[in-house]
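Peer 1: Here's the letter readout for the chains.
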Amino acid sequence: MTTNKKRIPEKLKNDAIVEAIVEIRFETSTLPEIFYGRLLECEAWKGFKQIRMPAYDLPPSLRQSDPNLRYQPIFELQAPDKNRMLKVGANVVSFHRLEPYEGWNTYRNELDEVVNGLFNRTDNINITRIGLRYINAIRPELHGISSLTEFDMKMSIENEDFSGGVNLNYINKHTEDLLSTVRVATTEFIQGNIPKGTFALVDVDVYTPEAYKTSDSQQVKHWLESAHTEEKEQFFRLLTQETIDALEEK
Amino acid sequence: MYSPTADEVASIQIKTPIDWNSKIRKPGVTERYKRLIMRSKKDLSDTKLENDVYKLSMVIPEWLKSIQESINKSVYTVANLEQDDERSINQEVADAASDFFLKTADLLPSEPHIYRSKKGDLVSEYKTNTGNLTIIISPSFVILFAIVNGDPVERKITKLNVVRMEVEEFLGSLATG
Numbered sequence: 001m002t003t004n005k006k007r008i009p010e011k012l013k014n015d016a017i018v019e020a021i022v023e024i025r026f027e028t029s030t031l032p033e034i035f036y037g038r039l040l041e042c043e044a045w046k047g048f049k050q051i052r053m054p055a056y057d058l059p060p061s062l063r064q065s066d067p068n069l070r071y072q073p074i075f076e077l078q079a080p081d082k083n084r085m086l087k088v089g090a091n092v093v094s095f096h097r098l099e100p101y102e103g104w105n106t107y108r109n110e111l112d113e114v115v116n117g118l119f120n121r122t123d124n125i126n127i128t129r130i131g132l133r134y135i136n137a138i139r140p141e142l143h144g145i146s147s148l149t150e151f152d153m154k155m156s157i158e159n160e161d162f163s164g165g166v167n168l169n170y171i172n173k174h175t176e177d178l179l180s181t182v183r184v185a186t187t188e189f190i191q192g193n194i195p196k197g198t199f200a201l202v203d204v205d206v207y208t209p210e211a212y213k214t215s216d217s218q219q220v221k222h223w224l225e226s227a228h229t230e231e232k233e234q235f236f237r238l239l240t241q242e243t244i245d246a247l248e249e250k
Numbered sequence: 001m002y003s004p005t006a007d008e009v010a011s012i013q014i015k016t017p018i019d020w021n022s023k024i025r026k027p028g029v030t031e032r033y034k035r036l037i038m039r040s041k042k043d044l045s046d047t048k049l050e051n052d053v054y055k056l057s058m059v060i061p062e063w064l065k066s067i068q069e070s071i072n073k074s075v076y077t078v079a080n081l082e083q084d085d086e087r088s089i090n091q092e093v094a095d096a097a098s099d100f101f102l103k104t105a106d107l108l109p110s111e112p113h114i115y116r117s118k119k120g121d122l123v124s125e126y127k128t129n130t131g132n133l134t135i136i137i138s139p140s141f142v143i144l145f146a147i148v149n150g151d152p153v154e155r156k157i158t159k160l161n162v163v164r165m166e167v168e169e170f171l172g173s174l175a176t177g
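Listed in order, the protein sequences are those of chains A and B. As numbered in the numbering used here, residues 1 to 250 make up the first sequence, in order. As numbered in the numbering used here, residues 1 to 177 make up the second sequence, in order.
There's no promise every hint is true.
[As the list claims (entries may be wrong)] List of simulated lysine-lysine pairs, DSS-like, C-alpha gap at most 27 Å:
hint, chain 1, residue 1, chain 2, residue 2
1, A, Lys196, B, Lys65
2, B, Lys156, A, Lys173
3, B, Lys15, A, Lys154
4, B, Lys156, A, Lys82
5, A, Lys196, B, Lys127
6, B, Lys15, A, Lys232
7, B, Lys159, A, Lys196
8, A, Lys196, B, Lys103
9, B, Lys73, A, Lys49
10, B, Lys73, A, Lys82
11, A, Lys13, B, Lys159
Everything labelled a hint here was simulated from the structure, so no lab data went into it.
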């Protein structure tokens, strides 16, 4: 896919990230109960609070048989500062970082621990899907964008710029194992605890295609690195170069 | 079909047009199953394994169904959307309130009296043996308020994924003083 490459800044004065998520789906020959026990022993999550999630109350056979439930986490390990969470199910782990986002280097180190924890504590693991998702809340006072027309995108009806409430979704295919869906939604379409003054969400979700499979932890880490690069490209693709320059921390 | 990464457990969700137009809250798949299981007729205990008999499950108060119905009926309709009747609530508040009661109904002291606040949030009040408890529910926070021995006690919950734990802690602290 061809894009007009913009200069991607190393760091922003005020980033827009309200949640960064990595979700890994997998199959393993290790019994779920054994896997949970082993995973909880990881040094990285010592001191994290253990919280049951809604799917915990459903019978395991039901969770396994319904594809909608198969990848639902059943418990959560929550950091004492409440802004980092590991959510775990029989066939899924997801690591969530809420505001304040401390940069890719910190997040990548945490993700390395998740990947290592997963591979070291399961037998015959096969990864079937990886997703890296950044949910960004655009706030006029922090990001200088207060209407859709200030994004680097055009939406028009009968040749007139459209600036009402939108929920725009589009999918990109980058490589054989890297797809992304970008969603731009104004507040009318948002559900959840968004920061005050949010004008729109930019949700960039980079993920593997349906037939994806790997059992190599290095390949997962490499995929995450590539996905992060693509995620940044997709986010900054929506901003004008002037906005990027104004937001960049120099 | 595209399904967002960790969609059901992300802190923020983008609604589909179907969710947006619906007057009635559309529960997630986990919640739907939980309701189904709660509704299903229980067998006599002598047909169950001992482990199943002793399994703990959430006790659902009888008033939960009627409160959920009241909340759903109070959502603005197309007819009264233009003119604020000061009684109706928007879908987001209804979603938040419905979620709150589903997660905490068994912890709450009695059937609540519910009404809309001037700001549009949902207020629920409870009478207890030791005084009154007031809970204000909005899409982004929940405020718990009580008077204990003449002193006001308040807690604001903004991390709604831990609302059950917070309510349990708050009510526990009231009970123990």
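Peer 1: Confirm or reject each hint.
Peer 2: Structure-based check of each hint:
no.	hint	result
1	A:Lys196 with B:Lys65	violated (33 Å)
2	B:Lys156 with A:Lys173	violated (43 Å)
3	B:Lys15 with A:Lys154	holds (22 Å)
4	B:Lys156 with A:Lys82	holds (15 Å)
5	A:Lys196 with B:Lys127	violated (33 Å)
6	B:Lys15 with A:Lys232	holds (24 Å)
7	B:Lys159 with A:Lys196	holds (15 Å)
8	A:Lys196 with B:Lys103	holds (25 Å)
9	B:Lys73 with A:Lys49	violated (38 Å)
10	B:Lys73 with A:Lys82	violated (35 Å)
11	A:Lys13 with B:Lys159	holds (25 Å)
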